[in-house]
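As they're listed, the protein sequences go chains B and S.
Numbering of the first sequence is given in this note's numbering, commencing with residue 6 and proceeding in unit increments.
Numbering of the second sequence is given in this note's numbering, commencing with residue 6 and proceeding in unit increments.
Keep in mind that the hints are not guaranteed to be accurate.
No copy is singled out in the list; a pair is fine if it fits within one copy or between any two copies.
What the hints assert, rightly or not - Calculated cross-link-like contacts (lysine-lysine; reagent style DSS-like; alpha-carbon spacing at most 25 Å):
no., residue 1, residue 2
1, Lys94, Lys297
2, Lys149, Lys65
3, Lys94, Lys345
4, Lys368, Lys98
5, Lys25, Lys361
6, Lys44, Lys368
To be clear, the hints were calculated from the coordinates, so they are not data collected in a lab.
These figures come from a predicted structure and were not determined experimentally.
Protein chains: 2
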Amino acid sequence: MMEFTIRRDYFINQLNDTLKAISPRTTLPILTGIKIDAKEDEVILTGSDSEISIEISIPKQVDGEDIVTISETGSVVLPGRFFVDIIKKLPGKDVKLSTNAQFQTLITSGHSEFNLSGLDPDQYPLLPQVSQDDAIQLPIKVLKNVIAQTNFAVSTSETRPVLTGVNWLIQDNELICTATDSHRLAVRKLKLEDEDIDNKNVIIPGKALAELNKIVSDSEDDINIFFASNQVLFKVGHINFISRLLEGHYPDTSRLFPENYETKIEMSNSDFYHAIDRASLLAREGGNNVIKLSTGNEEVELSSTSPEIGTVKEDVNANDVEGSNLKISFNSKYMMDALKAIDSDEVEVEFFGTMKPFTLKPKEDDSVVQLILPIRTY
Amino acid sequence: MMEFTIRRDYFINQLNDTLKAISPRTTLPILTGIKIDAKEDEVILTGSDSEISIEISIPKQVDGEDIVTISETGSVVLPGRFFVDIIKKLPGKDVKLSTNAQFQTLITSGHSEFNLSGLDPDQYPLLPQVSQDDAIQLPIKVLKNVIAQTNFAVSTSETRPVLTGVNWLIQDNELICTATDSHRLAVRKLKLEDEDIDNKNVIIPGKALAELNKIVSDSEDDINIFFASNQVLFKVGHINFISRLLEGHYPDTSRLFPENYETKIEMSNSDFYHAIDRASLLAREGGNNVIKLSTGNEEVELSSTSPEIGTVKEDVNANDVEGSNLKISFNSKYMMDALKAIDSDEVEVEFFGTMKPFTLKPKEDDSVVQLILPIRTY
């Protein structure tokens, strides 16, 4: 017999975040809904697609301002997207929800009155419980950075399910995140502040990390990360974000990194990026995404040819070119993804021969390495 | 052997407007391209999907600033969307185009160089010629207003092709624009300043008016409109916008308007609109768009019911309710479209019985009338 009155603008923001866990395509119909629990001193919203779950607590007050007045505790499940659309369009500053014993829910605001058929919250699946000790703590902006630098490289194919996730390896107080779709690979290493963290080796689904990245807003605040045997919980402020972990063994990729480059170029990340972006227009129009790169003395030339359409040639000024002259071809999208992930104005690219993977990293910084397999054309 | 150098930012804007006439789905492949004519003292861009055509003249100077330097006159047709994408991404302030006798076109800007296969401009269809005397002149903002108030009501079905256009009837120095999809009808009347305009009765395709509306930006400037037997030319600044006219007879709709209302309500356009918008959330979720309206003493109630989902009730404060009590049902989308088209804070709605079309118009203003057929539910 739940009943509460809540500030509409605040409610909308929390509902929008809860919706991010909900998929319209679900095998369990109740999961298209949002579970609302009014407790003595908080309202809890839950959304889940059974892979990821989001639990948001709405306290009675925020910054001394009244947010929610709970007259009767209780629970109901309401149709997710549709319920949120209604709350968004209501006219009043506040909205009142009251649910009867059959879970019929009356929603009133101003001169507007909706009466929705709700579902029994006891039918809603229980969320996995993750024990909240043994946390890793990271500033949110660091976590977002780690996600941005690796997550784009996960595989979108289900052929090898482990590759659809990012491997988080914690050993000797270092976090090593690795993602690969077997055409390119991204690695990000990070020293952890805390000295007493147990070693771990888990695979977090790429989709979960992408949703998490959308929900948490850039800030200096910390996020706490807890691991259970097959779940991970990210806890930030009043939001609990839970994802299952992928099962299986992640391949050992450390031996993929070559040593002793044959050719090395250093250049402006943005100049290189934009030149590839232009060349890729023609490469894409031609039906493949292949761009050729050749180096001479202090010169880097990009080119692409499509017999029907035409040709493009881009000269990029390099700050430094070392080693032997090189001709190599690559997928322009992989290169652009890698350059975006390298959070630095200057980039170092090391080549180990026309047929071998090459690496990109920020100048004088080994915390991020992007590795790309070339395409055979020469 | 065309060759010119042009300010890139200015070129991009003109190309974007030209693109609006181009459809990727065309039976004549050359129409996916943009025709570029470099003449002695201007460059002319042409795009067409054979229904509408856009011709833009780029002068050598704009506001005393050099825009284009033409070294050799000539013409070429270049692949539309793709060419524009290239120009947008080029690095320099200027871009140079030079075409050889085989219509290969070299595009250079900064360190970037594209070489595109162009097409022979002689293969490009000739645009219809519209004689430029006997113009109607309207301020652009009035034209845009007229389009916004009628064009939404055209039919999207090809069953009766004339209904996919807006009827422009000019008689006795008045312009009467009418659009209907046979479920609702929009009429906008406008006195013309000029006293000597020939009577006309034409049908302009709704799609053409929609594109025109996107291209011309709101201003106090005038647009000139010229009619030929089967074409209309809108001329504004350096843009010529040409559309074919629809053939056939537009139905006489003047007898559709009832007289002597049974019930009349006056209320705030925005209060009414938002109440319908909310009620339509439920109506749409329930699979139809039907909303019921009932009037009592100074009261207007909107409601909608979907057995599986729930109910909604909205009370709207009316400024005035006259005549007998009424219950009527309508399609919420038609009502919202009509209210948006009524460019006024207060709206008058006149009902002539549950089964008869009803009308909406601005309070004390007959220049716009929206007519809607009700839905039988009571």
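Against the structure, the hints:
| no. | hint | result |
| --- | --- | --- |
| 1 | Lys94 to Lys297 | between (53 Å within a copy, 19 Å between copies) |
| 2 | Lys149 to Lys65 | neither (29 Å within a copy, 49 Å between copies) |
| 3 | Lys94 to Lys345 | between (38 Å within a copy, 17 Å between copies) |
| 4 | Lys368 to Lys98 | neither (52 Å within a copy, 30 Å between copies) |
| 5 | Lys25 to Lys361 | neither (40 Å within a copy, 46 Å between copies) |
| 6 | Lys44 to Lys368 | neither (53 Å within a copy, 50 Å between copies) |
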